[in-house]
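2 protein chains.
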Amino acid sequence: MTTQEIKVYRDLMGANEEWAAKTRDLLAEKDIYMLNLIGSPGAGKTALLEGLGAQLGEKVRFAVLEGDVETTNDAVRIAKLGVPVSQLLSGGSCHLEAKMVHHALLDMDLDALDMVVVENVGNMVCPAEFDIGEHIKIAVLSIPEGDDKPQKYPLLFHESNAAILTKVDLLPHIPFDIEACKGHIKKINAQIPIFEVCALKGDGLAELIAWLSDRAGA
Amino acid sequence: MTTQEIKVYRDLMGANEEWAAKTRDLLAEKDIYMLNLIGSPGAGKTALLEGLGAQLGEKVRFAVLEGDVETTNDAVRIAKLGVPVSQLLSGGSCHLEAKMVHHALLDMDLDALDMVVVENVGNMVCPAEFDIGEHIKIAVLSIPEGDDKPQKYPLLFHESNAAILTKVDLLPHIPFDIEACKGHIKKINAQIPIFEVCALKGDGLAELIAWLSDRAGA
Chain Y
1 MTTQEIKVYR DLMGANEEWA AKTRDLLAEK DIYMLNLIGS PGAGKTALLE
51 GLGAQLGEKV RFAVLEGDVE TTNDAVRIAK LGVPVSQLLS GGSCHLEAKM
101 VHHALLDMDL DALDMVVVEN VGNMVCPAEF DIGEHIKIAV LSIPEGDDKP
151 QKYPLLFHES NAAILTKVDL LPHIPFDIEA CKGHIKKINA QIPIFEVCAL
201 KGDGLAELIA WLSDRAGA
Chain U
1 MTTQEIKVYR DLMGANEEWA AKTRDLLAEK DIYMLNLIGS PGAGKTALLE
51 GLGAQLGEKV RFAVLEGDVE TTNDAVRIAK LGVPVSQLLS GGSCHLEAKM
101 VHHALLDMDL DALDMVVVEN VGNMVCPAEF DIGEHIKIAV LSIPEGDDKP
151 QKYPLLFHES NAAILTKVDL LPHIPFDIEA CKGHIKKINA QIPIFEVCAL
201 KGDGLAELIA WLSDRAGA
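The listed protein sequences correspond, in order, to chains Y and U. If you read the first sequence in this note's numbering, its first letter stands for residue 1, the second for the next number, and so on. If you read the second sequence in this note's numbering, its first letter stands for residue 1, the second for the next number, and so on.
Next comes chain Y alone, as it looks inside the complex:
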């Protein structure tokens, strides 16, 4: 399907804020918009990128940085889309740090990109606390996780500029009050848009693609 060689980065030390600032400068220089996707393990972040892939790629030239504790599983999935991707391995850490992201960016062909999507390590707590130089954070919450999660993990929703509710096809099978959930999110962060998607079936992706393309200036 693809012959792309997947670059793998391991943990590097350094002051996080400094590296985040360097990344902001680099992104400004190259006119690249960077997203930081944050959600639990299995929230459907990679499936979302697979769903967005082809259609988003028609509007915006984007690359993906896949954060994980272990394995290159997700980067292999993204590579199949023909999207440039590198795997960032946190080496046991629960979040991505700015330095690793910065070095991965330096190895990419930035002149050929409008947007970089960073999929952070699956975790609703720690990644929300670490600036990686992104323009915006996006909270990803899947229906099976339960409608109370914004209340229980408020920082993520407070720090995010959008929330994506994934796996909405499972609503008939799960006790989940979507209006209550949206109410919890709005109480923490009244302004942010909330998208409802099923990446496997394609539901709701068009609105999200339009919003992302707009943010990236496409």
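Mixed in with the good hints, there may be bad ones.
Said to hold, decoys possible - Here are the simulated lysine to aspartate or glutamate pairs, DMTMM-like style, with alpha carbons at most 20 Å apart: (1) U:K182 / U:E196; (2) U:K186 / Y:E58; (3) U:K187 / Y:D111; (4) Y:K59 / Y:D111.
Unchecked claim - Derived CB-CB ranges, DEER-like: (5) U:W211 / Y:G217: 55 to 61 Å; (6) U:G82 / Y:G91: 42 to 48 Å; (7) Y:P175 / U:K186: 49 to 55 Å; (8) U:E5 / Y:L26: 25 to 31 Å; (9) Y:G202 / U:G82: 44 to 50 Å.
What the hints assert, rightly or not - Taking beta-carbon pairs under 10 Å as the criterion, some of the chain Y residues facing chain U (in silico): (10) E70; (11) G92; (12) H95; (13) G122; (14) H135; (15) E145; (16) L155; (17) N189; (18) Q191; (19) I194.
Hint data in this document are derived by calculation from the structure and do not stem from the laboratory. Just so you know, even glycine gets a beta-carbon here, dropped at the ideal spot from N, CA and C.
Starting from the structure of chain Y, add chain U where the hints point.
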């Protein structure tokens, strides 16, 4: 439903290992078996305890310590079962530390207990790294999270003495290869039992209750 007053503990500082050792001594003195339940946000840890509640309570006198970043939602749910429960709030931290657990134990009527179940903060990474003085860790993984999660979060499965696959009623609606998942777990930790449950419908709980009762010496 209940008039139980829910005690709330906030973050406390101190050397984790020392407090874990103190807790081990206390549990030995009181002949109490302590479990540390670890899994993602929304893996169904609280629903599992709700499902186990009445039947497990007939065999074992148990209490629950509910770990969360924010809210007493989960403790309120457990209190409805008539089970002694306290809420441990990590104050933004991604895991429970031993000192907070120890102090919550000291405030409980330990002579009336055979077992304490700690539900850790929803997170597959950090809680696996922090000893809270428990006898065993149990990994909780829900079907919607995906069959590759043991590969991506191997430490949790390596450190655990049992794995519980929750929400198995969703298998018909989700691409999830349960044999592949069990294979990933066995590759990391060949000895551990793997339970398959649907807490809402009661499937698989009897085997788990028998195993837990046996471990607690009931």
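Against the structure, the hints:
no. : hint                        : verdict
1   : U:K182 / U:E196             : 10 Å, holds
2   : U:K186 / Y:E58              : 42 Å, violated
3   : U:K187 / Y:D111             : 43 Å, violated
4   : Y:K59 / Y:D111              : 16 Å, holds
5   : U:W211 / Y:G217: 55 to 61 Å : 57 Å, holds
6   : U:G82 / Y:G91: 42 to 48 Å   : 44 Å, holds
7   : Y:P175 / U:K186: 49 to 55 Å : 32 Å, violated
8   : U:E5 / Y:L26: 25 to 31 Å    : 54 Å, violated
9   : Y:G202 / U:G82: 44 to 50 Å  : 46 Å, holds
10  : E70                         : 6 Å, holds
11  : G92                         : 7 Å, holds
12  : H95                         : 9 Å, holds
13  : G122                        : 7 Å, holds
14  : H135                        : 24 Å, violated
15  : E145                        : 3 Å, holds
16  : L155                        : 7 Å, holds
17  : N189                        : 15 Å, violated
18  : Q191                        : 21 Å, violated
19  : I194                        : 17 Å, violated
Checked against the numbered hints listed earlier, the structure breaks hints 2, 3, 7, 8, 14, 17, 18 and 19; every other hint is satisfied.
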